[in-house]
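For the record, the sequence lines run as chains D and B. Under the numbering used here, the residues of the first sequence are numbered 1 to 110, in order. Under the numbering used here, the residues of the second sequence are numbered 1001 to 1113, in order.
Take the hints with a grain of salt, since some may be wrong.
[Unchecked claim] The calculated lysine-lysine pairs, modelled on DSSO-like cross-linking and capped at a C-alpha distance of 30 Å, are:
id: 1; chain 1: D; residue 1: Lys63; chain 2: D; residue 2: Lys97
id: 2; chain 1: D; residue 1: Lys97; chain 2: D; residue 2: Lys79
id: 3; chain 1: B; residue 1: Lys1057; chain 2: B; residue 2: Lys1071
id: 4; chain 1: D; residue 1: Lys97; chain 2: B; residue 2: Lys1057
id: 5; chain 1: B; residue 1: Lys1014; chain 2: D; residue 2: Lys42
id: 6; chain 1: B; residue 1: Lys1057; chain 2: D; residue 2: Lys109
id: 7; chain 1: D; residue 1: Lys79; chain 2: D; residue 2: Lys109
id: 8; chain 1: D; residue 1: Lys69; chain 2: B; residue 2: Lys1057
id: 9; chain 1: D; residue 1: Lys57; chain 2: D; residue 2: Lys42
id: 10; chain 1: B; residue 1: Lys1009; chain 2: D; residue 2: Lys97
id: 11; chain 1: D; residue 1: Lys57; chain 2: B; residue 2: Lys1014
id: 12; chain 1: D; residue 1: Lys109; chain 2: D; residue 2: Lys68
id: 13; chain 1: B; residue 1: Lys1014; chain 2: D; residue 2: Lys109
id: 14; chain 1: D; residue 1: Lys42; chain 2: B; residue 2: Lys1057
What the hints contain is simulated information worked out from the structure, not anything from laboratory work.
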Amino acid sequence: EDQVTQSPEALRLQEGESSSLNCSYTVSGLRGLFWYRQDPGKGPEFLFTLYSAGEEKEKERLKATLTKKESFLHITAPKPEDSATYLCAVRGGNTGKLIFGQGTTLQVKP
Amino acid sequence: NAGVTQTPKFQVLKTGQSMTLQCAQDMNHNSMYWYRQDPGMGLRLIYYSASEGTTDKGEVPNGYNVSRLNKREFSLRLESAAPSQTSVYFCASSSGTTTGELFFGEGSRLTVL
Chain D
1 EDQVTQSPEA LRLQEGESSS LNCSYTVSGL RGLFWYRQDP GKGPEFLFTL YSAGEEKEKE
61 RLKATLTKKE SFLHITAPKP EDSATYLCAV RGGNTGKLIF GQGTTLQVKP
Chain B
1001 NAGVTQTPKF QVLKTGQSMT LQCAQDMNHN SMYWYRQDPG MGLRLIYYSA SEGTTDKGEV
1061 PNGYNVSRLN KREFSLRLES AAPSQTSVYF CASSSGTTTG ELFFGEGSRL TVL
């Protein structure tokens, strides 16, 4: 069964304190791993797509990386406006369905 | 840029009442989806429509029906609401079902008493 597990559930950082969020997955025939950002009271907003181990994508202070078992979302020198819930999702080859993790809620304090 | 528009944003129902959530997208996308989001459960797919004229069950379809009215619109109906259907509902669209780049609406918060 395809599964996605995100850790930690919640993360508090001081402004400028870099860290990483983890997304571990079990899927047959990965067809893509996707990161989303969700602000309170809003719908998720797409950030990145990763397809193969070793691939990296960057956007401002965020960098997503992928291995055969997990993905990391690295946040460099975060700012308060980076506070949000970050969701990871995978699409497996067998079912083709998109499976979402439960998310990591990031709070960045000034 | 409207993107994906959902109505209503908030709704309170009594057990047994019915209602329809409306969704429209203006991006000429082929595929549309209905998800529910509950604390600790993540986003779960209720129904989806790969293309105009088709609908399929997702992970949690029981108690719901959908209609793909045309390419732009995809509605979700609760025929007899139950407290277990209290949730935040999101409509999303994408160019196709093989992409993971979905565009979400802002959500509809439903409470069933």
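Mind listing which of the numbered hints don't hold for this structure, in increasing order?
-> Violated: hints 2, 6, 11, 12, 13.
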